[in-house]
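Colleague: Could you fit the two chains together into a complex? Lean on the hints.
Each chain, written out:
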Amino acid sequence: MREIAYEEIVKNVRDIIVYSASNLPEDALNAMKNAYENEKSPVSKEVLKQLLENADIASSEKRPLCQDTGLAVFFVKIGADVKVVGGLLKDAINEGTEKGYVEGYLRASTCHPFTRANNKDTVGYNLPAIIHLDIVEGDKIDIEYAAKGGGSENVSRARVFPPAAGKEGVIEYVKECISDAGPNPCPPLTVGVGIGGTFEKAVISSKHALFRDIGSKNEDPEMDELEGVILKELNKLGIGTMGMGGTETVLAVHIESNPCHIASLPVSVNVQCHSSRHTHITL
Amino acid sequence: MSTTYNLTTPLSDEDVNKLKSGDIVYLSGTIFTARDAAHKRLVDLLDAGKELPFDIKGAIIYFVGPTPPKPGDPIGSAGPTTSYRMDSYSPRLIAEGLKGMIGKGKRNKDVTDACQEHKAVYFGATGGAGALLGKQIVSAEVIAYEELGPEAVRKLEVVDFPVTVVNDTYGADLYKIGRAQYEVK
Ligand code: SF4
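Chains as they are written, first to last, in this note's numbering: chain A, 1 to 283; chain B, 1 to 185.
Source of the hints: derived by calculation from the structure; they are not laboratory data. Any given hint could be a false lead.
Said to hold, decoys possible - The calculated lysine-lysine pairs, modelled on DSSO-like cross-linking and capped at a C-alpha distance of 27 Å, are: (1) A:Lys232 with B:Lys185; (2) B:Lys20 with A:Lys40; (3) A:Lys236 with B:Lys185; (4) A:Lys232 with A:Lys217; (5) A:Lys62 with B:Lys135; (6) A:Lys33 with B:Lys135; (7) A:Lys49 with A:Lys232; (8) B:Lys119 with A:Lys49; (9) B:Lys119 with B:Lys57; (10) A:Lys99 with B:Lys70; (11) B:Lys20 with A:Lys49; (12) A:Lys49 with B:Lys70; (13) A:Lys236 with B:Lys109; (14) B:Lys176 with A:Lys236; (15) B:Lys155 with A:Lys62; (16) A:Lys99 with B:Lys135; (17) A:Lys167 with B:Lys185.
Computed from a prediction, not measured in an experiment: that's the story for all the values here.
So that you can see chain B by itself, here it is in the shape it has in the complex (with noise of 0.2 Å):
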């Protein structure tokens, strides 16, 4: 029932509406960090009507925080961290054309249904495997709030970085799917 993908960015509405909750993709290409402290200044650039600063148009933020890179090394170790801390200020992106998030936990349903109104989709990566998902990571580089040290914005490039889709455009959720197979009551 699970389908394995391969995934190039920017996404196109048709990328993400192929894809169903439980569905593992491998991305490459440009994604985008950015953790609390970030999303809330890009939602007050968007409030300001001013312009961000990356393309949001089929992009997909990562919510991530790495530890700083030994000499030599793109980036340090980099795996998710828990979304829900972005549910106030993700719906507002999406409306503006990002198309995917990777983090990791659940999302408020201000979230999912933005994915399914305008078509985006919900990406966990695994929690604690920073070391593994840091590899997967070409190069990357700071591109705005440098002051806010392991909250700032980074441009990454990734080769084969795996996720699973948590929530899809068709309002499935995998994290109740998964557990309401397994509950005893």
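Only chain A is shown next, with the shape it has when bound in the complex (with noise of 0.2 Å):
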């Protein structure tokens, strides 16, 4: 049995969120330069060499990319032979949470659904984070993190379709899903699709889709290729950078297949921004 710290977890999770907040991964930046080199109409292309120059500004001076630094989402896959010693694995990921959007003054955006009273005084500083924790074989701790913020979750949707709909329902879906926000999430897009399972596993798999590099390959070819399918749909759209109208409105859909149920079939679209801040590391 390997042990690890509970303390070590804090700290490797206040750093990637403090080095998140105003560094864009490299995926992210070369999907963005590749936008902007494909990018036809010259309004979209002024906005795209703004956005990146942003990104420059971020990294260089260490300031949040973003105003909105989102909600803290992570996806951990805890090996069955390891230890954490000192605490519990969700407390110390709270922890560093805290510790990163304290320390890297980031902004605290967690509030009471109804009398959106800020939660820091209550609860802490933007806590709790969303943990969606999987116990996989190994000794090691395997943390996925993503800076969530609320422009582009707010466009999100999902939806049971009866099996009949098909392939073009979840395209139309889709389709209908990237129209109907138009200059909302802040485009250009990562569109996340979860498909199958049951309502909440096609949730939680959009969700997940959006973790993945941007530019890399559905290891399921049937995937790969309806990822395809809808990324040039959606680039019909002409919604453009921050909706000024132009031909690179998407960078990429990711998809994530689960079998289903025989009279469903789930479908959810989680939506993430042009200021993609995720990153992987494992302990």
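Modeller: And the structure:
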């Protein structure tokens, strides 16, 4: 049994949160540079230039890329042969999150659903983190992290279709979602699509799909092809960067699919903005 | 077709009437910040017949909830938030003399109608460019609702703050015009 200290997890979580807030990961940066090269609309091109400049300023001056530093979302795989000593894994992630948001001067964005009062004084700074845990083989802890902003989360949606809807139904649904969203989610976007499973499985899969590196291939050839088809359809919408009109509305479509019930076809669309702050560490 | 202007607040009818959807404007002077929670309070004040915490005539409101400033900085990162959440409040403020709003994303018909009727414009700033936009803000001071944290009302001094006219006083909408140009049916 390998032991990992509680404090080590706190420190690592704190560090990735602070770093991610001002450093756009390489996959996202490259995708934005490609979009800049390919964009046909001069207005969108100009805005893309501003966003690349913003990424430069953020990393060189250690300023947050965006004022919406998000809710902290984690997908954590803990090896069956690891023991966390000194406290609970979940507490360590929350403590690291709070430290990261406080020490990095990041915005606390959690609030009560109805009073809208900032939770800062009652449960801590930008807590609780959203944590999805899984147990796997091995003696390591694998942590995937993303800062999830509200603008893109607000246009996300899910629905359980009858099986007859098929691939066509999925394509139409994603198209409708991105078309209705227009400028609001800060395009150019990454679009996560969860297909199959149960209702909540589809939703969680669509979220996890956003953690994949932009430009990476889907391991399932059928889904890889479908990603290409949907991407092409979405870029016909003409929304462009920040909705100014243009050819580069979506940087990538990522699908995660699961077997589902014979009676249903759940589909979820989770949207990530151009500020795709995500990272991955293994302890 | 797009013209670039430098404007200083407060804005007059003449200032806003010359602006067309798609024009680029560099704003300087004082602007005020407010998000949903602050808007609700501002409108509640008007309903109660009380005075607003700042002079709304000719003013610009920026929909933003900045990150906390690092020591020595006036403000942290400060890009726009999505504007539709203010749609139910903006027409009332426009009727009171508000001349400009800065945010990102679509507005509803009530807002664009009010822009036409009372001569006001809706500017888009680049969402997610918080580091870059924060640098154009030279001073920031909380003037109301401190307990709202990032949502408090702040008075900002800005220099050459870059925005694009989305909805002008003539009913044009840049999001519609831009998209129609590149949409493949
Ligand atoms: S959608 Fe993304 S880039 Fe836009 S304001 Fe929100 S977090 Fe920032």
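Colleague: If a hint holds in the structure, say so; if it does not, say that too.
Modeller: Right, here's what the structure says about each hint:
no.: 1; hint: A:Lys232 with B:Lys185; result: holds, 12 Å
no.: 2; hint: B:Lys20 with A:Lys40; result: holds, 22 Å
no.: 3; hint: A:Lys236 with B:Lys185; result: holds, 7 Å
no.: 4; hint: A:Lys232 with A:Lys217; result: holds, 16 Å
no.: 5; hint: A:Lys62 with B:Lys135; result: holds, 13 Å
no.: 6; hint: A:Lys33 with B:Lys135; result: holds, 23 Å
no.: 7; hint: A:Lys49 with A:Lys232; result: holds, 23 Å
no.: 8; hint: B:Lys119 with A:Lys49; result: violated, 31 Å
no.: 9; hint: B:Lys119 with B:Lys57; result: holds, 12 Å
no.: 10; hint: A:Lys99 with B:Lys70; result: holds, 15 Å
no.: 11; hint: B:Lys20 with A:Lys49; result: holds, 23 Å
no.: 12; hint: A:Lys49 with B:Lys70; result: holds, 26 Å
no.: 13; hint: A:Lys236 with B:Lys109; result: holds, 26 Å
no.: 14; hint: B:Lys176 with A:Lys236; result: holds, 15 Å
no.: 15; hint: B:Lys155 with A:Lys62; result: holds, 24 Å
no.: 16; hint: A:Lys99 with B:Lys135; result: holds, 25 Å
no.: 17; hint: A:Lys167 with B:Lys185; result: holds, 20 Å
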